[in-house]
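Each chain is listed here by its residues.
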Amino acid sequence: MTHNHQTLTRISLENLYLELEKPLFNVVFRYVWNREEAHDLVQESFVRLWKMRDRVEMVTVKPLVYKICLNLAASSLRRKNILSFVSLDKIKEEPREKGQHNPEQREEIQLLKKVINELPLKLKKTILLTEFSGMSYNEIGKSLGIPAGTVGSRRNKALNILKEKFNIIYSE
Amino acid sequence: MDDNTEFKSLFKNYDPPKGGIQGLREKLDRLEMKRPFLSPPKIALLTTFAVVVLVSVALIPRLMKPTPSSNLFMELVMKSENPAFIKYGYLERSEEAVSVPASAKAHLKAKRVETSNENVKFYLIESIE
Chain A
9 MTHNHQTLTR
19 ISLENLYLEL
29 EKPLFNVVFR
39 YVWNREEAHD
49 LVQESFVRLW
59 KMRDRVEMVT
69 VKPLVYKICL
79 NLAASSLRRK
89 NILSFVSLDK
99 IKEEPREKGQ
109 HNPEQREEIQ
119 LLKKVINELP
129 LKLKKTILLT
139 EFSGMSYNEI
149 GKSLGIPAGT
159 VGSRRNKALN
169 ILKEKFNIIY
179 SE
Chain B
70 MDDNTEFKSL
80 FKNYDPPKGG
90 IQGLREKLDR
100 LEMKRPFLSP
110 PKIALLTTFA
120 VVVLVSVALI
130 PRLMKPTPSS
140 NLFMELVMKS
150 ENPAFIKYGY
160 LERSEEAVSV
170 PASAKAHLKA
180 KRVETSNENV
190 KFYLIESIE
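Going line by line, the protein sequences match chains A and B. Quick note: the first sequence uses this note's numbering, first residue 9, plus one each step. Quick note: the second sequence uses this note's numbering, first residue 70, plus one each step.
Quick caveat, the hints were computed from the structure, so don't treat them as lab data. Ideal Cβ placement from N, Cα and C applies to all residues, glycine included. Among these hints, one or two may not hold up.
Some but not every residue of chain A turned toward chain B, in silico, with C-beta under 10 Å [stated by the list, open to error]:
{"#": "1", "residue": "Arg18"}
{"#": "2", "residue": "Arg43"}
{"#": "3", "residue": "Gln51"}
{"#": "4", "residue": "Glu126"}
{"#": "5", "residue": "Phe140"}
{"#": "6", "residue": "Phe174"}
{"#": "7", "residue": "Ile176"}
All chains, please: the whole structure from these sequences, using the hints.
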């Protein structure tokens with residue numbers, strides 16, 4: 009799908025949503041590990057994009073949406089961390105979403121959560137964008153504010169760490 | 070990427086919950102409905118205008134009030150029986166004939182009385198004797 013419009017219209021926004029909903033969801037889901045919250049964050053990113061439509065350049069709209077969404081996800085995580093810090097209770101585990109994933113998927117997600125959450129944040133952002141967004145290194149670099157070359161090196165580093173962790177987990 | 074299928078499952082794509090686009094449309098519609106009739110710059114301009122009007126309304130009557138000096142003047146006028154105020158209606162015209170002896174002219178004292186109107190000049194004239 010091409011986005012040659014000079015300005016962001018309601019129709020072009022909706023088309024962009026249809027195109028990016030799934031990859032964005034998969035990136036954000038691995039941040040918040042909650043389907044409904046990830047879904048809300050994806051929608052909220054597009055609402056924010058719509059609010060700033062006068063300043064949006066269509067050429068860079070994709071990296072911008074990912075940037076907004078990652079920032080929202082990071083804010084959400086910070087809020088949760090602060091809440092868990094001020095709470096006297098232990099950190100509450102996310103309630104399991106019954107009916108959303110089968111037991112096998114739930115086990116898989118728990119494994120993913122364990123492995124991905126242990127990555128340093130900058131590597132986590134990079135690997136999620138390179139694997140799910142479908143954007144070029146150049147576009148990902150714009151989202152993260154780093155050069156395209158750094159995207160590649162961070163991806164390799166993240167993959168090596170993940171492989172190592174994965175092998176350890178599966179050899180246990 | 071590793072050929073290991075288990076490792077590949079690390080990046081498995083999950084489907085988002087259904088109804089995403091409808092949810093987005095509803096949020097955008099709500100946003101449009103909540104959009105204020107006036108933009109923030111217009112609100113700021115109107116607020117400034119309203120403040121100026123209110124301050125003017127509050128200040129103008131105070132500025133229009135007679136100054137203390139003119140109050141004193143009126144007090145002076147009302148107490149005075151000087152015939153000079155007859156012309157302006159402050160005192161009643163007396164039918165009584167007033168004559169000033171020529172010798173008294175040398176003993177008259179004139180005093181300028183300030184008024185709120187620069188074009189009106191009053192002088193109090195009294196006899197020294």
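Inset, instruction - Go through the hint on phenylalanine 140/A and say holds or violated, using the shortest Cβ distance to chain B against 10 Å. - result: Holds: closest Cβ of chain B sits about 7 Å from phenylalanine 140/A, inside 10 Å.
Legend entry - Interface hint compliance - arginine 18/A to chain B, C-beta minimum distance less than 10 Å: At about 7 Å, which falls below the 10 Å cut-off, the nearest Cβ of chain B leaves the hint on arginine 18/A intact, so it holds.
Inset, instruction - For the hint on arginine 43/A, just tell me whether its beta-carbon gets within less than 10 Å of chain B. - result: Given a least distance of 6 Å, the restraint on arginine 43/A holds.
Legend entry - Restraint check, 10 Å cut-off on beta carbons, for glutamine 51/A near chain B: Where the cut-off is 10 Å and the nearest Cβ of chain B is about 5 Å from glutamine 51/A, the hint holds.
Legend entry - Proposed interface contact between phenylalanine 174/A and chain B, which counts if any beta carbon pair is under 10 Å: holds (5 Å)
Legend entry - Interface hint compliance - glutamate 126/A to chain B, C-beta minimum distance less than 10 Å: violated (13 Å)
Legend entry - Satisfaction of the isoleucine 176/A interface hint, Cβ to chain B closer than 10 Å: violated (12 Å)
Of the numbered hints given earlier, the model fails hints 4 and 7; all others are met.
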